[in-house]
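Participant: Sequence:
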Amino acid sequence: MSLSDTQRIEILILLGCGDKTRTQKQVCDIFNTKYPDRRISQSTVSRIENKFREFGNVTDIPKSGRKRILDDEQKLDILLDIQDNPHKPTRQVAADNDIKEFQQCLHYCQEATGAQFEHLI
0 MSLSDTQRIE
10 ILILLGCGDK
20 TRTQKQVCDI
30 FNTKYPDRRI
40 SQSTVSRIEN
50 KFREFGNVTD
60 IPKSGRKRIL
70 DDEQKLDILL
80 DIQDNPHKPT
90 RQVAADNDIK
100 EFQQCLHYCQ
110 EATGAQFEHL
120 I
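When we follow numbering that gives the first Met the number 0, the leftmost residue of the sequence shown carries the number 0, and every step to the right adds one.
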């Protein structure tokens with residue numbers, strides 16, 4: 000579970016500025032005391048501080064590249080293909096349905112049918 004923007008800003012405030020600063024370890028301890036169900040490490044504090052220094056904000060930066068999500072039509076094609084030939088290798092199902100990411104197809108097949116398909120790889 001990732002931190003909210005508000006929690007990230009709170010971490011920056013806890014770090015302080017000027018001559019009223021805390022160490023990353025101190026901030027980590029204070030945060031973990033305040034939010035015992037959402038524990039962070041010193042490296043989390045470091046990454047948030049570095050992100051703020053580099054980009055001037057703490058929000059998540061959109062990732063580049065194609066999203067790894069199958070659309071409804073691809074999902075239906077996969078299910079129909081599996082229904083027609085349940086012993087067809089998953090790699091072949093992916094290739095026949097023009098799905099570039101084999102692992103994405105495998106994951107959806109398992110999720111949709113509840114079956115394990117590793118033996119068909």
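These are computed hints drawn from the structure, not numbers from a lab.
Accuracy of the hints is not assured; some may be wrong.
[Stated by the list, open to error] In silico EDC-like cross-links for lysine to aspartate or glutamate, where the CA-CA straight-line distance does not exceed 16 angstroms: (1) K74 with E48; (2) K50 with D4; (3) K74 with D95; (4) K33 with E9; (5) K87 with D76; (6) K50 with D97; (7) K24 with E48; (8) K24 with E9.
[Claimed, not checked] Computed Cβ-Cβ distance ranges for the label pairs, DEER-style: (9) P88 with S3: 15 to 23 angstroms; (10) Q25 with D4: 15 to 23 angstroms; (11) P35 with I60: 47 to 55 angstroms.
Fair warning: this is a prediction, and the values are worked out from it, not measured in the lab.
Using N, Cα and C, we set each Cβ at its ideal position, and we do this for glycine too.
Participant: Under the constraints set out in the numbered hints, which ones does this structure not fulfil?
Facilitator: Per hint list: 1, 6, 9, 11 violated.
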